[in-house]
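Chain A is fixed; fit chains B and C onto it per the hints.
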Amino acid sequence: MISRRALELATAILTGGFGVAVVVQSLDNGIGWSSEGVESGTFPFLTGIIIIAGSLYNLARGIVPAGTLANVPIAITSIELRRLAGLFLPAAIFVAVIPLLGMYVASAVYIFAVLAVPEHQSVLRSAATAAATALALYVVFERMFQVSLPHGALAAALGF
Amino acid sequence: MDNLSELLHGFSIAVTVPHLVLMAVGVLLGILVGVLPGLGAPNGVSLLLPLTFGMQPVSAIILLSSMYWGALFGGSVTSILFNIPGEPSSVATTFDGYPMARDGRPTTALATAFGSAAFGALVGVILITFLASWVAQVALAFGPPEYFAVYFLAFASFVGMGGAAPIKTVVALAIGFAIAAIGIDTVSGSVRLTMGIDELVKGVNFVVAVMGLFGIGELLVAVEEEFHARAVSSRIDWAEVFRAVVRLPRHGVALLRSAAIGCWMGITPGGPTAASFMSYGIARRFSRRGRYFGTGEVEGIISPETADHAAGTSALLPMLSLGIPGSATAAVMMGGLMIWGLNPGPMLFVDQKDFVWGLIASMYVGNIVAVALVLLTVPVFAALMRIPFVVIAPLIVIICVVGAYSVSNSYLDVVMMLGFGIVGYLFKKLFYPLAPLVLAIVIGDKAEDAFRQSMLMSKGSLGIFFANKLVTCLVIAGIALLLLPLVLQLARPFRKSTSPTAEAPAQEKVII
Amino acid sequence: MRGTSLFLLSVSVAVLAANAPACAAWQPQKPIEFVATAGPGGGTDNLARAVQNVIAKHKLTDQPIVVVNKGGGSGAEGYVYGKASAGDPYKVIFGTSNAWQQPLVSKVAFNYTDLTPIAAMAQDEFLLWVKQDAPYKTAGDYLKAAASGQFKMGGAQSKDTDEVLTRMIEKVGHVKLTYIPFKSGAEAAVQLAGGHIDSHVNNPSESLGQWRGGTQRPLCVFSPKRLPEGPKITATEGWSDVPTCVEQGLDIKQYEQPRTVWLPGKVTPEQAAYYVDLMKKVQATPEWKDYIEKTSQVDTFLTGAEFDKFIKQDLEHVKQVASEQGWLVK
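Protein chains in written order, with this note's numbering: chain A, 1 to 160; chain B, 1 to 512; chain C, 1 to 330.
In short, the hints are calculated from the structure, not lab data. Keep in mind that a hint or two might mislead.
In silico DSS-like cross-links for lysine-lysine, where the CA-CA straight-line distance does not exceed 30 Å [what the hints assert, rightly or not]:
no., chain 1, residue 1, chain 2, residue 2
1, B, K459, C, K176
2, C, K183, B, K459
3, B, K459, C, K152
4, C, K319, C, K171
5, B, K459, C, K137
6, C, K225, B, K459
7, C, K152, B, K469
8, B, K469, C, K183
9, B, K459, C, K30
Anything over 12 Å on all C-beta distances counts as not near chain B; from chain C, calculated [stated by the list, open to error]:
no., residue
10, I32
11, D62
12, G78
13, S106
14, K152
15, R212
16, K225
17, V246
18, Q254
19, K294
20, L315
The model shown is predicted, which means the values in this text are computed figures rather than measured ones. Glycine residues also receive a C-beta, built at the ideal position from the N, C-alpha and C atoms.
Extracted from the complex, chain A is given alone in its bound form (with noise of 0.2 Å):
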């Protein structure tokens, strides 16, 4: 269960690390007027304060109890977190082994594992949907449009 302050602190702390990381980045570019007109750092700092400023004002009102933010005390509960990584996390699985096993490969395997595994559809069915979906990403990139996608560590290794 993550209520719905505790969200908006970490979104108010993500967004102002954000704003945080622009200042600092834009230092190094100077910032303020020179002989080639207004530095490039200029413009990068001022968002960065303005993120800054803005995300303390969001995490003050998070903070703050009696806040209208904080009358829902449950932004996500425990099923709809167990829904979430459902979709999220194989999909992060996924993006992860792509170096290793390619494009294809990968999304065949993701494919099969979502809809299979959880027993959406019948192994067969999501043999068949998955190896569809392989095929033609090659057919539509790899031979029509000529995007080469990803082949991965294994087909290199293998020799293709």
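The following block gives chains B and C in isolation, referenced to the frame of chain A:
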């Protein structure tokens, strides 16, 4: 009317059986690349370009421009059905198109989008036909201060009107600007905000951000809310396609206004993206049903689509008459023109009359062919909504992954896309508006470049933004649009609660 | 049509035969990726696609060739990609002189030494352009008028070839110009036509249409001798009618931008030799000549020690300008 007889001559070139066949082929291919995110009209053009070398230049350009129409239409399909805009200019279409499709009216949403898009494109073509030389002159009047003023106008018309918490809007907007600044800066040539990742020197591509923010983000919201359990009744309904198109003239004011905004932004260098956002923003502000925008309003689809296509079409004119490509596709087409030995520029209209007027005539015919074909495909696309969520969700993930990767063949983009997915989910969940973020990513760096170029020209004086009538008018219009909501609010008693929780039941309405 | 293709085929067979001993060593076994360090439609992209077309048409290799655009960060994206692909002989990077110029002036994560030079294949000339109705007829007049210090020079990118040339003009002509960087030469050309800037130093192909259309005209070319004769561009003039800048009292003898071809670092000499050879074959085709002519470039072929020497010279030169301007990265 000299132009009229030239145009008739053009029709005699364009309306021949081989050319009509070429148009149909081009349009279908265009729809395909338009529908598949990650592929765009440039892919299609570079695929076809080698095939066209044996053809007459006019046949070749008819094929390529038909593909351009097809891709423009196809780009709206994924925006409406899956909330994944494949092009910056179709982001605004998702705001009302996707809610309508999700409500079980994908056919209506698609048919409305296509119908109004065709209207916008036709207005654009008419403009090209009759005002070509005037338009070229107008475009020349735009220097860096005027560019900046146009971008400012686009921001002003869109930002500050949503119901989201103002500070959250500001944060979202600023984050968008910061993301736009990543990479090499045009004005100084230095590397900015790469956060220690060498590859980020290329910047963050819009498609990568949008696939994550909209595509993956929406998927996460959807799986959490379990709306997919709701059966979407999308029967294959040809009559509804027809009805939706016939209903369009009822929104005549919106159509005309959006077409005007689109043409204006297409000629001035604002481009289709700024046009669609601006048109949506203005429609929301002036429509009687403005407060229902974001829940699947018809005018919320008509406005961005009409403006997008009107701008996309009239943007071809600067390419032909001045040699500045308005988009990546136009750039590839221009490369093609040069290979055929034609030089885009003012002389094209004099030297290559057959070619130019053949092309313009083909825009009329090509658009009609395109809208007919694309309306025929509506029920097919709408049927995609009937695929069970458990199957379509991983497919959408794959589409987003492949789309993000193929932008510049980069694995880093895929990882970033997934990261943007989490951000998109959090932002949606907590009522941070995504539209200002996206708008800033798309035109933020252009606005900054234009501002700094102006500062170089004026040696640091802001007076350059009031130096002539054109730029002064643009700036004042922008300021007026920015202040308008404030004035309206002061004039009226405070009606709406700004607290997002109070409006939680109508959340899509509030947060765009 | 059949006749020509038959003819071309025999030409290519002849070319192949002539070069047969050299290419026996290494042959590609996988599809080859051409990386253009420019967006679709840019000069470098056109070059990569032209080479791809020539190779495909003459079947100079059995492997398919795919063109990939990596033009982000003024081309840095493509070079960084090349650096990351060290040892991979299936990536060919097409660029310009920014491969060695960019690392001097901005903190990009590559240097040209991370790549294996293959060849410089074509040179783009630079000209000094002004608005059609500008009062000055020669570069000398232009410099006199520019002495007011109010002149704005446009160009593509910052601290890149265009700005380097602008700074050279300043120095040689004893004037001060305000340099306004745009995204591309085409954009600068439109800004000149609209009268927002006073001049730019575009390549011939970037402003060809504008010259024909009578919105701007070249004053002089930064080249030791006039450009080769070709078809007339306007009613009365062609490229060969443009005087050299030296003739007109602007003493910059030569300034050119080579189109360069690279492999990633750490490839074997045999692999590099294969591509040098491949590019030589490409250059011998009529289609290549056609491409060079249509884009108004100068055909050159520098490889090996010659190419190296060219890079070193150019680098020295740019370094000097950059240090005078205080551009060098610390």
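Verification of the supplied hints:
1. Taken as a hint, the K459 (chain B) and K176 (chain C) pair is honoured in the structure, with Cα atoms around 13 Å apart against an allowance of 30 Å.
2. Distance check on the hinted pair: K183 (chain C) and K459 (chain B) sit about 20 Å apart at the alpha-carbon level, within 30 Å; holds.
3. At most 30 Å may separate the alpha-carbon atoms for a hinted pair to count; K459 (chain B) and K152 (chain C) meet this at roughly 11 Å.
4. At roughly 15 Å between alpha-carbon atoms, K319 (chain C) and K171 (chain C) fall within 30 Å of each other, so this suggested pair holds.
5. Simply put, K459 (chain B) and K137 (chain C) have alpha-carbon atoms about 28 Å apart, close enough for the 30 Å limit, and the pair holds.
6. Taken as a hint, the K225 (chain C) and K459 (chain B) pair is broken in the structure, with Cα atoms around 37 Å apart against an allowance of 30 Å.
7. About 22 Å separates the Cα atoms of K152 (chain C) and K469 (chain B), which keeps this hinted pair within 30 Å; it holds.
8. Distance hint between K469 (chain B) and K183 (chain C) is fulfilled; the C-alpha atoms sit about 26 Å from each other, no more than 30 Å.
9. For the hint linking K459 (chain B) to K30 (chain C), the alpha-carbon distance of about 54 Å lies beyond 30 Å, and the restraint is violated.
10. Separation of I32 (chain C) from chain B is adequate, the least Cβ-Cβ distance of about 14 Å exceeding the 12 Å criterion.
11. Consistency note on D62 (chain C): stated as away from chain B, and its beta-carbon is indeed over 12 Å from all of that chain's, at 18 Å minimum.
12. Not every C-beta of chain B lies more than 12 Å from that of G78 (chain C), the closest at about 9 Å, which undercuts listing it as non-interface.
13. Once the 12 Å rule is applied to beta carbons, S106 (chain C) is inconsistent with being away from chain B; the minimum gap is 5 Å.
14. Taking the minimum C-beta to C-beta distance to chain B, about 6 Å, the non-interface status of K152 (chain C) is violated against the 12 Å cut.
15. Consistency note on R212 (chain C): stated as away from chain B, yet its beta-carbon is not over 12 Å from all of that chain's, at 4 Å minimum.
16. At the 12 Å boundary, the C-beta of K225 (chain C) stays outside the reach of chain B, the nearest C-beta of that chain being 25 Å off.
17. Annotated as non-interface, V246 (chain C) keeps its C-beta farther than 12 Å from every C-beta of chain B; the closest such distance is 28 Å.
18. For Q254 (chain C), the shortest C-beta to C-beta distance to chain B comes to about 24 Å, beyond the 12 Å cut-off, and the non-interface label holds.
19. Residue placement check: K294 (chain C) does not keep its beta carbon more than 12 Å from all beta carbons of chain B (closest about 6 Å).
20. Non-interface call for L315 (chain C) relative to chain B: holds, since the shortest CB-CB distance, roughly 17 Å, exceeds 12 Å.
Hints 6, 9, 12, 13, 14, 15, 19 from the earlier list are contradicted by this structure; the remaining hints agree with it.
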